[in-house]
Every structure is written in structure tokens, then in C-alpha cells.
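Colleague: Chains as they are written, first to last, in this note's numbering: chain A, 952 to 1307; chain B, 512 to 910.
Keep in mind that the hints were calculated from the coordinates and are not lab data.
Think of the CB as a built atom: it goes at the ideal place given N, C-alpha and C, for glycine as much as any other residue.
Fair warning: there could be bad hints in the mix.
Claimed, not checked - Some chain A residues judged to face chain B by a derived CB distance under 8 Å, without partners named:
| # | residue |
| --- | --- |
| 1 | Gln978 |
| 2 | Asn981 |
| 3 | Asp982 |
| 4 | Val1131 |
| 5 | Tyr1134 |
| 6 | Pro1201 |
| 7 | Gly1203 |
| 8 | Met1271 |
| 9 | Asp1293 |
| 10 | Leu1298 |
| 11 | Glu1299 |
| 12 | Arg1300 |
| 13 | Phe1301 |
| 14 | Leu1304 |
| 15 | Ser1305 |
Single-letter residue listing:
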Amino acid sequence: MNFDLTEERQMLQDTLRRYLADKYSTQVRNDILDSESGFSNEIWGELAELGIIGAFFADEHGGFGGTGFDVAVVFEELGRAGVVEPLMEVLVAGRILAEAGHSLIEDVIGGGVHLAIAHGEPASRYDTDAVETQCVDGKLSGRKAVVINAEAADHFIVSARDGETTYLYLVAGDATGVTVQGYPLLAGGRAGEVTFEDAPSEALNVAAGTLDRAIDFGIVAQCAETLGAMETATALTGEYLMTRQQFGRPIGTFQALQHRMADVLIELEQARSAVINAAGNLENEARTRNMMLSAGKNLLGRAGRLVAEEAIQLHGGIAMTQEYELAHIAKRIVMADHRFGDTDFHLERFIELSTA
Amino acid sequence: MDLSYSPQEQAFRSEVKTFLKDDLPPEIADKVRRGVELTKDDMDRWHSILNARGWLAQNWPKSFGGAEWNAVQRHIWEEEAAAANAPRIVPFGLSMLAPVLMKFGSEAQQNHWLPRLLDGSDWWCQGYSEPGAGSDLASLKTRAVRDGDHYVVNGQKTWTTLGQHANMIFCLVRTDPDVKQQEGISFLLIDMGTPGIEVRPIILLDGSHEVNEVWFTDVRVPVENLVGEENKGWTYAKYLLTHERTNIAGVGYSRAGLDNVKRIARSARHNGKPLIQNPHFAARMAQVEIDLSAMATTNLRIISKAAAGDAPGVEASMLKVKGTIIRQEINDLTRRAVGPYAMPFASEAVEGANDGVPDPFEAGPVAADYFNNRKLSIFGGSNEIQRGIIAKVKLGGGR
């Protein structure tokens, strides 16, 4: 048993952390949040150049990583800096394309392609099985909900039913019959409601369960990203507690706040372990894997909310302002609960698996 | 001890319901429901409608032109107004300044300022907190120096709610820097149009413009605008903090919020069934509803005590802590209820800017509200300060 990062992963972490610390300041990010596209093409390009997308894929697909820990290392840094660029989409949709042996994968790894996963529907909540979008003679019709990066996507991966079975399809962003109604997201970036009306599609030749497997990677990534953001929130809070003076002393010298800070630190360590458990079991057999993924998403949902709320509360008024770094970070932590199944969704799944 | 509403109380509830149905402008209620920022005109209009009915100064004594409602009436109003999506009555002038003027102000001040509160001539904001004086309000530094018939004020106030609409500000200022902090503070009324005053917006994390910074540079304030005695301002501020806080607990908002969660949970589907039937979600809702039912009674008990002349001391702090926790929990439930649709951002600020933002459950800006309401446990005397007061009084046999 070994809890150290490999040399390669350590290098990846150092490089990415340094780049983001230099480049992704609060001001830069607030400008990106206000921008029309909701992300920065320049930063996207630079992240691709750093090779981080290659970490999401194994050698056989042209990447250099592809394991849970590779994904976790990258996303923890993205979370630490509050990055809003749509790398999650490239991870999840990319995994599906890789599985299909699709020729697009090379461009995806190079950062030349924007992707979006259109699987959730207005009534489906977090169920990947609740699909009403239909495929008839290769043409898709239906509506997909909260499709992140819909406006920028060069291609959508869409789940649709052909008769009784759900398959995955590739649809070009500019295909006929595709309408995107776009909007901003609270935690940054943009999404859209996507309507397909007899949109031409390419069936993806992948095994059943591929979407769920890709989402497994998304869950590891989301947990790691939330962990990184929690670390930033905790660091900001610790610093503030020892800087801010009221009643003639730093407020961090008051026992009541010290105890709460200790609880925040404890939850942070729990979160770190939950991410390790999720990442480390990504290649494991289904029951253990899914238990650890659900355990991770549930714990990060709970611990994340606690840390975000405590961080704001311990800061007091200043944390309520958009200008302060914590505002965006807290939003990323809490909104992460709404991707790939929330705290309760994963509690239920864990219960089903652990009591089976 | 009687928990049922009397026939008179039920009749009052009907009267309130009818008034809200007939006189609350639907376009204003709709803005409140959708979380769209109200304009100054919207708020002034609602105040004027209330005043025409004699229901603006709900808690003022009749002798001052108020409705002098009792605890139950206040509770009924709060519940019905929240359910009808009525705007919150702006509290600074009517509920904070007015009681201080009535108790400590001169007759001339009462005769001048109180009618102007009722007819909407004045919009007041509160100048208390400073960048260096939040929880430790007594350490405030904004200085007022006597110069002939004026005080000259220099300093900075922050977190000034709706200061951008205000023409008047009531301020705690330091008039004596050489004594114990609490004993050198005065309560001063300042015209926002006086030369030397600058208001700057502070944008909150949900994108809204609710609060401001107010800068004072050599602002000359007539001595007639001192309320009560010089250096006794802290006493007046403390009086205000415990006296007229009828809706700190926000029971009406919580009840309306919980009803909203249930409504959403009936439409939202989880594994093919309504979310409201999901045992985990149902358990969360039930827990909050149980806590709220107790809180509503606690609220009534405490307000009844206050209405009987018994000024609530530490109980007001208890209402504030528990009430805000419950409200925040309901905001959290609401974001969970809408599922992935919590992620889109509907900004309050601009009417029409959110036309593309999906809102399938007609829930409004759920996530923005969740974040905006993190302020409830921070503003108005943070929950930490309130807990300190509770413990000090109850354990230390204090005030």
C-alpha cells in the first residue's frame, strides 16, 4: 500500500498548479465569468498544450494516463483554482469516443475539439436510464437538459432510445435540427437546453454501460475537483481567521471559531481519503467500484457543503462579496453536488449495493 | 394556554388574505416570486398601498399613527404576506429608527420624522457596521466632532442595505474617543444629500446590489439631528436590537419556502416516482417541518411576551439563531429539490436578462437565493455573537 504520487503524477500536479497559480487569478476568472462564452479560449489552449487532456486517456488511445489517479490529480488542481473551462466534458465525452475507437479522439486530446454530453432530460433528474429522446432511422428527436458546454460543443454525445434499448450517438454541433437555448451557470461556464428534431446522428459502436463507465470517471473527477476547491476555501479561511481582528485580537484566537476550524480540517482530510478511495477503485469490479464512487460523491456532497458554508460563515460579511475569491470557490463546491448524482442519489445507491 | 385561533383572529386572517389578493399588485408579487430585484418605485408603491390601509406601521403605537398589532396579528400578517409573495417592508426607518425616536427622540423629532416615514417622503438606511467594526460594533471609528451648531462627520460605513435608494441615514458615530468605547457613541440622523457623502455599491456573490459602502468626508450635520443625549447612542442601539425584532425568525418566509419545496417535490421525479415520495428527501423535509412548527410557536410566545411589555432579551437572540438556520436549511432543500436545474444562473439584477434560463418548476433563482441567504446567519448580529449573548446571559446571570 502506497499513498505517494508517482513521479509523473507529481510533475503533472506541480506543472498544472504553477500554471494556474500564475495565470488563473481571481480577476482573470471574474472576467471570464462575465464573458459571453463563459470560458477562455486562450486558457483552454494553454491547458491543452500542457498536455493535461492526455492524462484522461490511456496510451492505447494516444494519452499517457487514463487511470483514476491521473484524472484525480488534474481535477484537484482545476478545483483548487476554480477553473470553469469545460474539461469535464472532454473527459466524459472523450472516454466514450475512445471506447468507440473514434477518429476524433486525437483532436480531442490535442484540445482542438469541444464536446458536450447530452444525456439528462428535463424529467430525468440524475437517472441516466430515464431517456425519452428517440432515434428513428438514424435521426434523433427529443430534449436534453442542462447540457454543459452546449453552445461551444463541436459535437454532442447523445443518449437516445431506438425501440427499447438506449444507445449513444454522435451529433455535430451545427447539424440540422439542433437548437440550443443557452444560459450561464452559477458556478461559471455555460450550459443549454438542447432540442433535437430529426437531427442526423452517427451511432457509436460501444458496449452497453459505456455511458455509466464514462460517468464513473466524471464522478472521480468531480470529487477531486471539489476537494481542490475545499482546500482553497480552507486555506483562505485559516488565513483570514488569523488576520481579521475584532475585540482587540485575531478572531482565530477565539475558541468557538478554533473548534469549528478544526472540524473543517477534519472533513477536508475525510474528503481527501474519499477521493483516493474513489480513484483507486475505478478499475475494480462493479460492486466495490460503485460503492466507493457513491461513497465519494456522497461524502464530498456532505463535507463540501459543510466546508463551503463554514468558510463563508467564519469569514463573515466579506465572504458574501463577489470580489472575494471565496465566493466563486464556494459556488463550485456546492453546485458540484448537482452533477452526476447528488448526495442523496448516491446514498441510495450505496445502500442498495452495501445491503445487497 | 390555547393554541387555536380565536374567531377574531380568524377574521383578521381573512381580512389580510383579502387585502393581499385585492391590493398587492400582481406584477410586484410576480417579481418577488421570480427573485427579480425590486426597484425603488416598486417598494415605495407597496408601502404607499399599505399606508393607505393603515397597515404600514404595523407595530407602532396607535398614538403615533401605527396599527399597534399584537403578536398573533403580526404572525398572521407574516405568514400570509410571505405566502402571497408580498415584498418585505423595508425595516430600517419603520422598525429600527422609529422605535428609537419614539422612546428617546424629542417631540420635535417625532413630529418631523415619523409622518415622513409613513408617507414615503424619507427612505432610511442604517449606518452601523464599518470595515473594522463588524461583530465588534462598539469599536466603530466614524467620528463626529462638534463645531458650533453642527457635528462634522468623517469615516466610513459598510454593509448599508439599500443605501442606494436612501435619502437619510441613521448613524452610530464616535463623539468621545477618550472614554470606554460604548460610552462615547452617539446616534445621529444624516441627510444623504449633504456634501461629502459618497455611496458605492458592493456586489454580492449572487450578483445582486443590495448593500453599499458609505463614505463621509467633512459632512456637516445640524445638532438638532442628534437623537437623545450625546454619548448615549449605544444604549439606544441596544434597545433597538432587542425591542422591535418581530420577524427575525422569518417564520412566514420559512413556511412559504417549505410549501414551495413540497410543491416542487410533487412534480420532480426520482426513479419514476414523485420526489416527495422518496424516503430520503421526505425525511429531510419532515425534519425541517418539525423544527419549523416548534419555531413558529417559540416565535409567538416570545412576541406575546414582548407585546405584554416584557422586552425580550436573550430570547430575541434565540429566535435569530434558530430561525435563520431553518431558513437556510429550506434554501438548501429547495436547491436539492430542483436537481440539475439548480445549476443555471438567473441573475436578479436585470429584468428580462433571464428569459433563456430554464425554470421548469417555477422555483425562481434557487441557487442564487441559497447563496444570498448565507447572509442571514452573518448580518443582523452574527449567530456567533447571538450565541455568546445567550450563553453570557443564561450562564452568567447577566442583564
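Colleague: For every hint, state whether the structure bears it out.
Modeller: To see whether the hints hold, each was checked on the structure:
Because the smallest distance between the Cβ of A:Gln978 and any Cβ of chain B comes to about 14 Å, over 8 Å, the interface hint for this residue is violated. Taking 8 Å as the C-beta contact cut-off toward chain B, the hint placing A:Asn981 at the interface is violated, the least distance being around 10 Å. Hint on A:Asp982 is violated. Least Cβ distance to chain B is approximately 14 Å, over the 8 Å limit. The restraint placing A:Val1131 at the interface with chain B is violated, with a minimum CB-CB distance near 10 Å, outside the 8 Å limit.
Residue-level restraint check for A:Tyr1134 holds (minimum Cβ-Cβ distance to chain B is 4 Å; threshold 8 Å). A least Cβ separation of about 12 Å between A:Pro1201 and chain B goes past the 8 Å threshold, and the interface hint is therefore violated. The interface hint given for A:Gly1203 is broken, as the beta carbon of that residue sits about 13 Å from the closest beta carbon of chain B, more than 8 Å. Taking 8 Å as the C-beta contact cut-off toward chain B, the hint placing A:Met1271 at the interface holds, the least distance being around 5 Å.
With its C-beta approaching chain B no nearer than about 6 Å, A:Asp1293 sits inside the 8 Å limit, and its interface hint holds. Taking 8 Å as the C-beta contact cut-off toward chain B, the hint placing A:Leu1298 at the interface holds, the least distance being around 6 Å. Satisfaction of the interface hint for A:Glu1299 is found here, the shortest Cβ-Cβ separation to chain B being roughly 7 Å, below the 8 Å cut-off. A cut of 8 Å between beta carbons decides the hint on A:Arg1300: the least distance to chain B is about 11 Å, and the hint is violated.
Given the 8 Å rule on beta carbons, the hint for A:Phe1301 is violated: about 11 Å separates it from the nearest Cβ of chain B. Using the Cβ-Cβ criterion of 8 Å, the hint placing A:Leu1304 at the interface with chain B is not satisfied: the shortest such distance is roughly 15 Å. For the restraint placing A:Ser1305 at the interface with chain B, the shortest Cβ-Cβ distance is roughly 15 Å, beyond the 8 Å limit, so the hint is violated.
Hints 1, 2, 3, 4, 6, 7, 12, 13, 14 and 15 from the list above are not met by this structure, while the remaining hints are.
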